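A.B. asks: Chains as they are written, first to last, in the numbering used here: chain A, 2 to 153; chain B, 2 to 153.
Hints in this document: simulated from the structure, not taken from any laboratory. This one's a predicted model, so the numbers in the text were calculated from it and none came from an experiment. All residues carry an ideal CB built from backbone N, CA and C; glycine is no exception. Hints may be right or wrong, so weigh each one.
Cβ-to-Cβ under 7 angstroms is the rule here; a few derived chain A residues that face chain B [claimed, not checked]:
1. Leu-71
2. Arg-94
3. Ile-145
Below, a list of computed lysine to aspartate or glutamate pairs in the EDC-like style, where the Cα atoms sit at most 16 angstroms apart [as the list claims (entries may be wrong)]:
4. Lys-53(A) / Glu-106(A)
5. Lys-121(B) / Glu-82(B)
6. Lys-121(B) / Glu-91(B)
7. Lys-53(B) / Glu-91(B)
8. Lys-144(B) / Glu-147(A)
9. Lys-144(A) / Glu-147(B)
Protein chains: 2
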Amino acid sequence: MTAMTVTVLASGVFDLLHYGHIRFLEEAKRQAGPDSRLVVIIARDRTVRRLKGRGPVIPEDHRRALVEALEVVDEALLGYEDVDLEAVIERIRPDVIAVGYDQDEIERRTRRIVEERGLKLRVVRIGRFGKEDLNSSSKIKGKIVENWRSRP
Amino acid sequence: MTAMTVTVLASGVFDLLHYGHIRFLEEAKRQAGPDSRLVVIIARDRTVRRLKGRGPVIPEDHRRALVEALEVVDEALLGYEDVDLEAVIERIRPDVIAVGYDQDEIERRTRRIVEERGLKLRVVRIGRFGKEDLNSSSKIKGKIVENWRSRP
């Protein structure tokens, strides 16, 4: 890595990795070109439990290893338990922050930090891919439960 | 790719991609060294439905795209609906075929074809990784159903 490498930062839970995740990450990297470095922050189990009332199905270390095993991802790191966006930006020093279609709160907080601190970074919103049912971890879980309920 | 590239072939359903899958594929590739080419055959929806009585949760084109998005995988292809191992071997011309700990039937059929046709290829059995609960798609599904049943 040279000093000129552009770093893109994305984040998420990535419980039950699906095709929508791949498209999101590919699009995030595309924002800064093929030579950029894509770093992904993986939400901690405790953070998800606190915010959603229930933890992810897949433990954080497995979620992290799976995301890092993707060709498009250069590095995947576990986040801070208290979702300290300023500390993450300080540590990764991204040129671009990519936020997903369902990351309103993260986008709002990121833009506020960027404005308050006068940071030179671009916040990019990545659209949703298709309307297909299985581009969402919760819909995948719904289908699994439905299969179980209708078992012979 | 030169004529000297060693090709490793692996196969599976890869419904709900998990850490055990990654370890299996990495170990498969390791059998033939870092310069080898890893080709993965993804079981068709109809094949899984026929053999297990129920199709996968994730459709075949998404399962294929997800496996191909892994850094360790060079190419992922949908299989033949009738699981024609001879046709697959003819098409891919692998030097090594890696079989998973739960692929007894595939191992048996592969070894028979290799013997009958006098093929110069190595069949390698890849062990299971850890005894952790979440290295199995069916255990992940079980946990999702359990979460749903105990919802508040």
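A.B. asks: Below or equal to 16 angstroms on CA atoms is what counts here, so check Lys-53(A) against Glu-106(A).
C.D. replies: holds, 14 angstroms
A.B. asks: Holds or violated: are the alpha carbons of Lys-121(B) and Glu-91(B) at most 16 angstroms from each other?
C.D. replies: Roughly 12 angstroms separates the two Cα atoms, so the pair holds.
A.B. asks: Should the hint that Ile-145(A) touches chain B count as held when the rule is a Cβ pair under 7 angstroms?
C.D. replies: Ile-145(A) check passes; min Cβ-Cβ to chain B is 5 angstroms, inside 7 angstroms.
A.B. asks: Less than 7 angstroms between beta-carbons is the criterion; does Leu-71(A) satisfy it with respect to chain B?
C.D. replies: holds, 5 angstroms
A.B. asks: Is Lys-121(B) within 16 angstroms of Glu-82(B), Cα to Cα?
C.D. replies: Given that 16 angstroms is the threshold and the Cα spacing comes to 26 angstroms, the pair is violated.
A.B. asks: Going straight from one Cα to the other, do Lys-53(B) and Glu-91(B) come out at no more than 16 angstroms?
C.D. replies: violated, 27 angstroms
A.B. asks: Are Arg-94(A) and chain B close enough, Cβ to Cβ, to be under 7 angstroms, as the hint says?
C.D. replies: Violated. Min distance 24 angstroms.
A.B. asks: With a cut-off of 16 angstroms on the C-alpha distance, tell me whether Lys-144(A) and Glu-147(B) pass.
C.D. replies: holds, 14 angstroms
A.B. asks: CA of Lys-144(B) to CA of Glu-147(A), is that 16 angstroms or under?
C.D. replies: holds, 14 angstroms
Checked against the numbered hints above, the structure breaks hints 2, 5, 7 and satisfies the rest.
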